[in-house]
Amino acid sequence: MITEPAELPGLAAASSLTLLRQRKPLVHCMTNDVVQAFTANALLAVGAAPAMVIEPREAVQFAAMADALLVNIGTLTAPRAEAMMAAITSANQAGTPWVLDPVAVGALTFRTEFARGILTLKPAAIRANASEILALAGQPALGRGVDSADDSRYALPFARQLAADYGTLVAVTGRVDFITDGDRVWSVTDGDAMMTRVTGTGCALSAVAAAFCALPGDRLQHLAAACRIMARAGRLTARDAAGPGSFAVGFLDRLYGLQEEDIQ
Amino acid sequence: MITEPAELPGLAAASSLTLLRQRKPLVHCMTNDVVQAFTANALLAVGAAPAMVIEPREAVQFAAMADALLVNIGTLTAPRAEAMMAAITSANQAGTPWVLDPVAVGALTFRTEFARGILTLKPAAIRANASEILALAGQPALGRGVDSADDSRYALPFARQLAADYGTLVAVTGRVDFITDGDRVWSVTDGDAMMTRVTGTGCALSAVAAAFCALPGDRLQHLAAACRIMARAGRLTARDAAGPGSFAVGFLDRLYGLQEEDIQ
Amino acid sequence: MITEPAELPGLAAASSLTLLRQRKPLVHCMTNDVVQAFTANALLAVGAAPAMVIEPREAVQFAAMADALLVNIGTLTAPRAEAMMAAITSANQAGTPWVLDPVAVGALTFRTEFARGILTLKPAAIRANASEILALAGQPALGRGVDSADDSRYALPFARQLAADYGTLVAVTGRVDFITDGDRVWSVTDGDAMMTRVTGTGCALSAVAAAFCALPGDRLQHLAAACRIMARAGRLTARDAAGPGSFAVGFLDRLYGLQEEDIQ
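Chains as they are written, first to last, in our numbering: chain A, 7 to 270; chain B, 7 to 270; chain C, 7 to 270.
Treat each hint with caution, since some may be false.
Estimated spans, in silico, between C-beta atoms of each pair [unchecked claim]:
#1 Asp-157(A) x Gln-28(B): 18 to 28 angstroms
#2 Asp-268(A) x Ala-248(B): 22 to 32 angstroms
#3 Gly-101(C) x Ala-84(B): 43 to 53 angstroms
#4 Asp-224(C) x Gly-16(B): 50 to 60 angstroms
#5 Lys-30(B) x Arg-27(A): 33 to 43 angstroms
#6 Glu-13(C) x Leu-17(A): 16 to 26 angstroms
#7 Lys-30(B) x Asp-246(A): 19 to 29 angstroms
#8 Gly-16(B) x Thr-95(A): 54 to 64 angstroms
No wet-lab data here; the hints were simulated from the structure.
Note that the Cβ used here is the ideal one computed from N, Cα and C, for glycine as well.
Can you make the complete structure from the sequences, with help from the hints?
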C-alpha cells in the first residue's frame, strides 16, 4: 500500500526551523567548486554552521565531529572521490548523518559509478532533481547538465523505490518537490523559476537538508521542512527581485529573516 | 590590405543575443577557482547554461557533449593543465568550439608555456587584455597580474597577427575592445571602469564569448556581440551602482533583463 | 613591562588607508576554496590588487614578485601545503612580507601541525580569532569550526607571547580586536555581529591585512588600521542591511567608498 503525497503543513516546517535555529548544526560540506560560498552563506543565513574540509585525513576526523556531512559531486575529481569515501566511512562509524547530492549523475560515467557505489553506504538522504533520480535508478534520462528535463512527479515512483531499496530518504525537487521514505510522501508546491537562474540554489538546498537531517525527531518531516523553507524563501524573494543578481542577495536576506508566520 | 576597425552595429549584437537565448548553448567551463560562481551566474543570466567539469575522464566526455568549451588558466595547476589538454583534444575531435582566456600569461612561466602550447590546438577564439595578447605574441609586456597596462589599440596589430597565424579569432579587450579574424576588425566602445573593480568580469566575458561561439552564422560577429553585450550591461549598470558590490549584483540583473533596444 | 591596549586613533587608520590607495599593493593570495571571490573583491574594493596563484612553481615565482603573500589554511590539502611552503620560502628570500590566517587550527591535526611548522618561518603577521590563537599557543581551546568561542581579551596574553616568541605581529579579532607586537597593543572596538553571518569576512580581513603589511612605515599601525577599516566598514554597512546577503554587497560598496572622515 502506497500513501498519496500530502502537502507538508506550514506548522511542521516552522517547528523544524525553530529547532534548527536552537541547535545550529555544524555541517561538514564536501561540495563542488562553484557553490562553496553560496552554500556556506545559505547555511549561515538559515541558522546552521558550515565548514568545508577536504583533505582526506582531516575529512575523516571532521566527519566524526560534525553534526552532518554533505557529499555533492558537482566537480568530482579522483582525489576528491577518495576523500569523500573516507569521510562517509568515518561519518557512518560516528553516527553522523550524511546527505548525497548526485549532481549531473547519468550523463557522465565517472560520477555515475561513484554515486551508485556510495548509495550503498547508507546516506540519511538524497536530494536530487528528476533526471538525477532517474539516473540513480538506472532509468533512461533525457537531460544533460544539471537542469531537470523530467518532471519530479514522473520521477516519484523511482524516488520511492530508491528510498526503499537503500533505506534512505529521497527529496526529488523541481516545480513540485516530493520527499519520501519509500512509503510516506510529503509534497512542497512553492518556489519560483528564478531559482533556476542562480547557480547553487539546488546545492544549497542539499546543504540545508543535511543540517535538518541532524535534528532529533521525524527526519522525513525535517527534510521536507528544508525543502519548504528554501522554496518559500525563493518565492517570497522573487516577488521583488529585479533579476538573478538581486534574487541571490535577497534570498539570503530572506532565509535569515524568515519567521514562523512566513512559512505557514 | 588591412580593414580599419568598425564599430559593431547594435542591431547585429541584438540579433546574436536573440539567437543565443533561443539556442541556450551549454558551456563546458574549465576556469579558475576565483570566478566559478560569477561565471556560472553570468552564463545563466545571459541565457546560456554552464557546467563545470574538471576530472580528466569526465572532461573528455563532456567536451564532446557540450556546445562550447572554455579554457581559462587563471589558477592553472599541473593536474588541471592535463585535464584541459584532454578536453581540448576531445572538443576538437567532436567539433566543439573552444575559447582560450590566457589569464596573466607572460609574467608566469608555467602558464605562459602552457598557453603557447595550446594556441596551436585551433581555439575558436582568444579573449584577453592587451598585456596578455602581447605576451602570447612574444612581445615585451609591461604588466604584472591581470590588469592590462597596455592599451588594446597598441595590441591590435599583434592580435591580428595571432588570429592570422593560428587561424583563430581574437578579442582584445580594454577601454576599447577589438575583435578580429586577422583581416576584419570590429570595435566596441562601451563598458565602465567599475568593471575592473569586480573580480571575474573579464573571465565571465570569456565564458559568454564561448557561448556565442557555439551559435551558427558569422562567428566574428557573434564574438563581437558578446563583447558589446557585456560592455553595454556594464555601462548601464554603473550608472546606478553605489560601488563594486552592488555593481556585480546589478550587472547580473542587467544581463538577464537586457532587451534588444538596450543594445542598439 | 607591558603596555596597556590603546584604541587605534582614527587619524592613523585614515593615513594608512590613503597610503594603501596610493601604493595599490599586489597581494598573492593562497587561500581557501570558499572565500576566493569575496577576498579578491574585498582587496579590489579597498584599493589593493589580488592575484591567486597556486601551482607550486608559479607560487614560487609569484611570491617573489608580489608585494605581500597571504597564506590561509581554510581548505588545506597536502598538495596545497607543499605549494604554500614553497611560496613562503620564496617570499622570505625576496623580502615579501607574508601573513598567516590559521583557519580552524586546533581541532584538526593536519592543519594544526602545518600551521605550527610555518610559524617558525617568520610571518610578518598572524590574523586569527581567539580560539585559533589559543591553539597556536598550545592552550586548550573550546571551539570547533571557525567561530571563536573564546574572547579575544582572554587570548591577548597568548597573542603577545606568540608575537614575542616568533618575532611577528598578531591581530586577534573578535568583538574587540587586539593588534600586538608582543609589547605595544592597539585595540579596535567596532564591527558588527552581522559579519559572523557572512562567510569570508575574517578571511578577507587577513588578505587586507597582508596588503597593509606591504606598506612602508609602522607595520603594527598599518595592521591595526586594516582591522579598524574592515570593522568600521562592517558597522556602517550593518545599519542599513536587511540581512547577510545585502550586508555582503553593501560591505564591498562601503570599503570602496570609505573616506578618511568615515574612519576618524
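Go ahead and decide if the range 33 to 43 angstroms is satisfied by the Cβ distance of Lys-30(B) to Arg-27(A). For Arg-27(A) against Lys-30(B), whose Cβ atoms are near 39 angstroms apart, the range 33 to 43 angstroms holds.
Distance restraint hint 43 to 53 angstroms, applied to the beta-carbon atoms of Gly-101(C) and Ala-84(B): Distance hint for Gly-101(C), Ala-84(B) is violated at roughly 28 angstroms.
Ala-248(B) and Asp-268(A) - C-beta distance against the hinted 22 to 32 angstroms: holds (28 angstroms)
Taking the CB of Asp-157(A) and the CB of Gln-28(B), does the distance hold inside 18 to 28 angstroms? holds (23 angstroms)
Could you check the hint for me, namely that Asp-224(C) and Gly-16(B) are 50 to 60 angstroms apart, CB to CB? holds (54 angstroms)
Falls inside 16 to 26 angstroms, the C-beta gap from Glu-13(C) to Leu-17(A)? violated (50 angstroms)
Is 19 to 29 angstroms right for how far apart the beta carbons of Lys-30(B) and Asp-246(A) are? holds (26 angstroms)
Verify the CB-CB distance for Gly-16(B) and Thr-95(A) against the hinted window 54 to 64 angstroms. holds (58 angstroms)
Figure legend: structure checked against the earlier numbered hints; hints not met, in rising order: 3, 6.
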